[in-house]
Amino acid sequence: MSSTGTRIQPPPRVIQAARSPVMASAFAGRKKVLPILELALLIAASIAPLVLRDYITVYATRVLILCLFALSFDLVWGYAGILSLGQSLFFGMAGYGVALLSRDFGVGSIFAVLPAGALIGFVAALLLAGFLLLGRHPSSVVFVSLGTMTGAYAADRLARGSHYLGGQNGIPSIQPMTIGSHELSEGPGFYYLVLAILVLIYLLSRFLSRSQFGLALAGLRENEQRIAFFGYKVQHLKAIIFAISGAIAGTSGSLYAFHEGFVWPNMLGVVMSTQVVLYVLFGGSGTLIGAVVGTAIVEGISFWLSDNYRDIWPIILGVLLLLVILFRPLGLISLVLGERERVGHFGPSLKEKRNAAP
Amino acid sequence: MPLLEAAGVSKVFGKLTALDGAALTVGEREFHGLIGPNGSGKSTLMKCLAGALVPTQGKVTFINTDVTSLTPPERARAGMSLKFQITAVLPALTLYDNILLALQARSSLLDLAFSRSRGRLHEEVMKMLVQFRLADRAFDAAATLSHGQQQWLEIAMALACRPRLLLLDEPTGGMSLEERRVTGELLQPIKQHCSLVIVEHDLDFIRDICDRLTVLDQGKVLASGTVAEIQANRSVQEIYLRRA
Numbered sequence: 092m093s094s095t096g097t098r099i100q101p102p103p104r105v106i107q108a109a110r111s112p113v114m115a116s117a118f119a120g121r122k123k124v125l126p127i128l129e130l131a132l133l134i135a136a137s138i139a140p141l142v143l144r145d146y147i148t149v150y151a152t153r154v155l156i157l158c159l160f161a162l163s164f165d166l167v168w169g170y171a172g173i174l175s176l177g178q179s180l181f182f183g184m185a186g187y188g189v190a191l192l193s194r195d196f197g198v199g200s201i202f203a204v205l206p207a208g209a210l211i212g213f214v215a216a217l218l219l220a221g222f223l224l225l226g227r228h229p230s231s232v233v234f235v236s237l238g239t240m241t242g243a244y245a246a247d248r249l250a251r252g253s254h255y256l257g258g259q260n261g262i263p264s265i266q267p268m269t270i271g272s273h274e275l276s277e278g279p280g281f282y283y284l285v286l287a288i289l290v291l292i293y294l295l296s297r298f299l300s301r302s303q304f305g306l307a308l309a310g311l312r313e314n315e316q317r318i319a320f321f322g323y324k325v326q327h328l329k330a331i332i333f334a335i336s337g338a339i340a341g342t343s344g345s346l347y348a349f350h351e352g353f354v355w356p357n358m359l360g361v362v363m364s365t366q367v368v369l370y371v372l373f374g375g376s377g378t379l380i381g382a383v384v385g386t387a388i389v390e391g392i393s394f395w396l397s398d399n400y401r402d403i404w405p406i407i408l409g410v411l412l413l414l415v416i417l418f419r420p421l422g423l424i425s426l427v428l429g430e431r432e433r434v435g436h437f438g439p440s441l442k443e444k445r446n447a448a449p
Numbered sequence: 149m150p151l152l153e154a155a156g157v158s159k160v161f162g163k164l165t166a167l168d169g170a171a172l173t174v175g176e177r178e179f180h181g182l183i184g185p186n187g188s189g190k191s192t193l194m195k196c197l198a199g200a201l202v203p204t205q206g207k208v209t210f211i212n213t214d215v216t217s218l219t220p221p222e223r224a225r226a227g228m229s230l231k232f233q234i235t236a237v238l239p240a241l242t243l244y245d246n247i248l249l250a251l252q253a254r255s256s257l258l259d260l261a262f263s264r265s266r267g268r269l270h271e272e273v274m275k276m277l278v279q280f281r282l283a284d285r286a287f288d289a290a291a292t293l294s295h296g297q298q299q300w301l302e303i304a305m306a307l308a309c310r311p312r313l314l315l316l317d318e319p320t321g322g323m324s325l326e327e328r329r330v331t332g333e334l335l336q337p338i339k340q341h342c343s344l345v346i347v348e349h350d351l352d353f354i355r356d357i358c359d360r361l362t363v364l365d366q367g368k369v370l371a372s373g374t375v376a377e378i379q380a381n382r383s384v385q386e387i388y389l390r391r392a
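In order, the protein sequences belong to chains A and B.
Everything in the first sequence is counted per this note's numbering, starting at 92 for the first residue and increasing by one.
Everything in the second sequence is counted per this note's numbering, starting at 149 for the first residue and increasing by one.
It is possible that part of the hints are untrue.
Pairs of lysine to any residue, SDA-like flavour, derived with a Cα cap of 20 Å [unchecked claim]:
hint : chain 1 : residue 1 : chain 2 : residue 2
1    : B       : K339      : B       : D356
2    : A       : K324      : B       : D356
3    : A       : K324      : B       : S265
4    : A       : K324      : B       : C309
5    : A       : K324      : B       : P150
6    : B       : K368      : B       : T204
7    : A       : K324      : B       : K339
8    : A       : K324      : B       : K368
9    : A       : K324      : B       : D259
10   : A       : K324      : B       : L201
11   : A       : K324      : B       : A200
12   : A       : K324      : B       : T204
13   : A       : K324      : B       : L257
Don't read these hints as lab results, they were simulated from the structure.
Small disclaimer: the values here were computed from a predicted structure and weren't measured.
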């Protein structure tokens with residue numbers, strides 16, 4: 092048990108929040124903000140390419156792919172309390188994997204490369220989980236975060252040194268992804284494809300995080316040791332959600348590779364991993380919509396800043412991020428989403444109750 | 149055959165011997181109190197029973213199985229449940245979800261992913277909440293409960309795993325007199341299906357609900373027997389007088 096000594100976890104803030112008078116009123120009036128917000132964002136995303144200029148649509152496609160990547164991190168950290176600082180490992184490995192499929196085997200069909208990317212992410216995450224999470228006793232947050240980070244760092248260095256993987260330059264000019272005989276190049280077509288995948292995976296994640304499995308994950312995040320005493324196989328739960336998140340990161344990595352047309356070692360490395368942490372903290376971890384909003388806003392601001400303040404924009408962005416983390420530790424989403432709705436509750440729906448009644 | 153048997157249990161932390169060959173036997177549907185002065189090794193013995201600590205020496209047998217080196221989840225699955233000394237309810241979750249979390253621990257992963265057991269468990273959750281007088285707070289976050297209510301929620305959660313044996317570490321710590329009385333009432337009905345090992349400083353409380361007592365002093369068992377026997381025991385009286 093001593094290995095769980097150092098705990099870095101979200102809940103203490105939650106306790107404070109729940110005791111404050113503001114939150115007490117939020118508990119009382121159970122308004123549903125979340126579905127409205129989700130629907131509004133979906134509508135906005137659906138009409139965006141119609142009103143945006145083409146080069147912005149291309150940028151927005153990249154942002155949606157990163158949203159998918161952010162979802163994968165949010166599932167492990169925001170929902171299950173596993174601090175994975177090596178999420179880019181699955182993103183990048185899948186990216187390199189599909190790039191090699193395209194370069195060496197001429198495989199570019201979407202029905203082959205996306206499942207391949209998801210599978211690479213899934214298997215890589217499962218293997219890493221075997222090392223980091225599946226011991227007989229639960230491993231500490233620090234151990235897992237350093238372990239995942241080391242994995243990402245090592246992969247980055249390996250890719251840089253590997254002639255087969257193109258060294259520092261990575262693998263350039265990947266052939267476009269195909270659906271049947273149609274080639275998908277960047278633009279509105281690619282945008283809607285990514286949006287559809289994002290919505291699908293968002294809905295699946297939403298279903299899972301609100302299921303009884305989601306309740307078990309919430310228990311894991313709140314107090315891992317406690318739920319182990321209930322008889323939960325804590326390590327198995329962690330490995331499962333870690334592998335699922337790896338598959339999502341892999342899907343987004345393969346989309347990224349085909350969208351950009353090349354892969355390079357940064358996709359595997361620590362910088363990419365850190366970026367996704369920032370997206371999720373900024374938007375609000377533990378809510379799927381927070382991860383999406385965080386990614387869109389951080390990327391949107393960077394885009395605008397880099398255009399207008401060419402030299403100092405990273406500093407401005409850094410200060411903004413710090414301010415949010417200082418003053419809204421639960422992320423921007425906490426401005427509109429009450430605590431009760433954020434955590435959710437897991438009891439049966441009315442229908443399930445009726446079915447259970449004799 | 150007793151439900152739980154601990155024999156010759158020792159635990160050494162560096163130079164400190166916290167337990168020195170302690171023994172404990174608990175029968176089916178028996179409420180067994182573990183008492184002794186501060187530092188006598190009660191909590192250490194409790195942790196060795198629950199699996200939070202592995203004894204340096206000795207053996208713990210539970211339902212004819214040697215559980216000495218099993219992890220807490222393995223013991224939980226065998227039918228042992230523990231209520232922590234410091235309350236460990238999950239503060240951000242509602243009371244309802246706290247209980248459901250405990251109840252669904254034995255559902256299969258597929259049942260969990262497709263939420264197939266929560267309809268069936270609903271009535272059980274509500275029954276526990278009613279039994280522990282928390283039903284009107286069912287959909288409030290556990291963090292909003294008073295200390296005493298959190299302790300009750302903990303006991304409810306520990307019982308929700310349907311254990312054969314419940315280990316309670318200081319269930320009435322920090323409670324008012326009235327809350328203690330209610331806690332005693334809440335514990336009585338569980339005797340029909342469950343044994344209890346309880347560590348408690350409040351001797352009146354423990355006398356009221358326990359069948360048998362074991363007294364520890366400096367890591368050793370000083371006496372063990374029915375409540376009446378222990379009350380009449382000279383050496384037990386002495387250690388309590390000595391420190392009073």
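Would you check the hint for K324(A) and D356(B), treating anything up to 20 Å between C-alpha atoms as holding? Violated. K324(A) to D356(B) sits at ~37 Å, over the 20 Å cutoff.
Does the structure keep K339(B) and D356(B) at a Cα separation of 20 Å or less? Between K339(B) and D356(B) the Cα gap is close to 14 Å, so the pair holds against 20 Å.
Would you check the hint for K324(A) and L257(B), treating anything up to 20 Å between C-alpha atoms as holding? Holds - the C-alpha atoms of L257(B) and K324(A) are around 10 Å apart, at most 20 Å.
Next pair to validate is K368(B) with T204(B); report whether the Cα-Cα distance is within 20 Å. holds (15 Å)
Compare the distance between the alpha carbons of K324(A) and K339(B) with 20 Å, and conclude whether the hinted pair is satisfied. Not satisfied, since the Cα-Cα distance of roughly 28 Å exceeds 20 Å.
Are the Cα positions of K324(A) and P150(B) separated by 20 Å at most? violated (28 Å)
Within a Cα-Cα threshold of 20 Å, do K324(A) and L201(B) meet the stated pairing? Between K324(A) and L201(B) the Cα gap is close to 19 Å, so the pair holds against 20 Å.
Just to be careful, I want the Cα atoms of K324(A) and A200(B) compared with a cutoff of 20 Å; is the pair within it? holds (16 Å)
Quickly compare the C-alpha distance for K324(A) and C309(B) to 20 Å and report which way the hint goes. Holds, at about 14 Å.
Quick one, are K324(A) and D259(B) close enough, alpha carbons at most 20 Å? holds (15 Å)
Agreement of K324(A) and K368(B) with the hint, judged by alpha carbon distance not exceeding 20 Å: violated (35 Å)
Sort out whether S265(B) lies within 20 Å of K324(A), counting only the CA atoms. Within the cut-off at roughly 18 Å; holds.
The structure does not agree with the numbered hints 2, 5, 7, 8, 12 stated previously, though it agrees with the rest.
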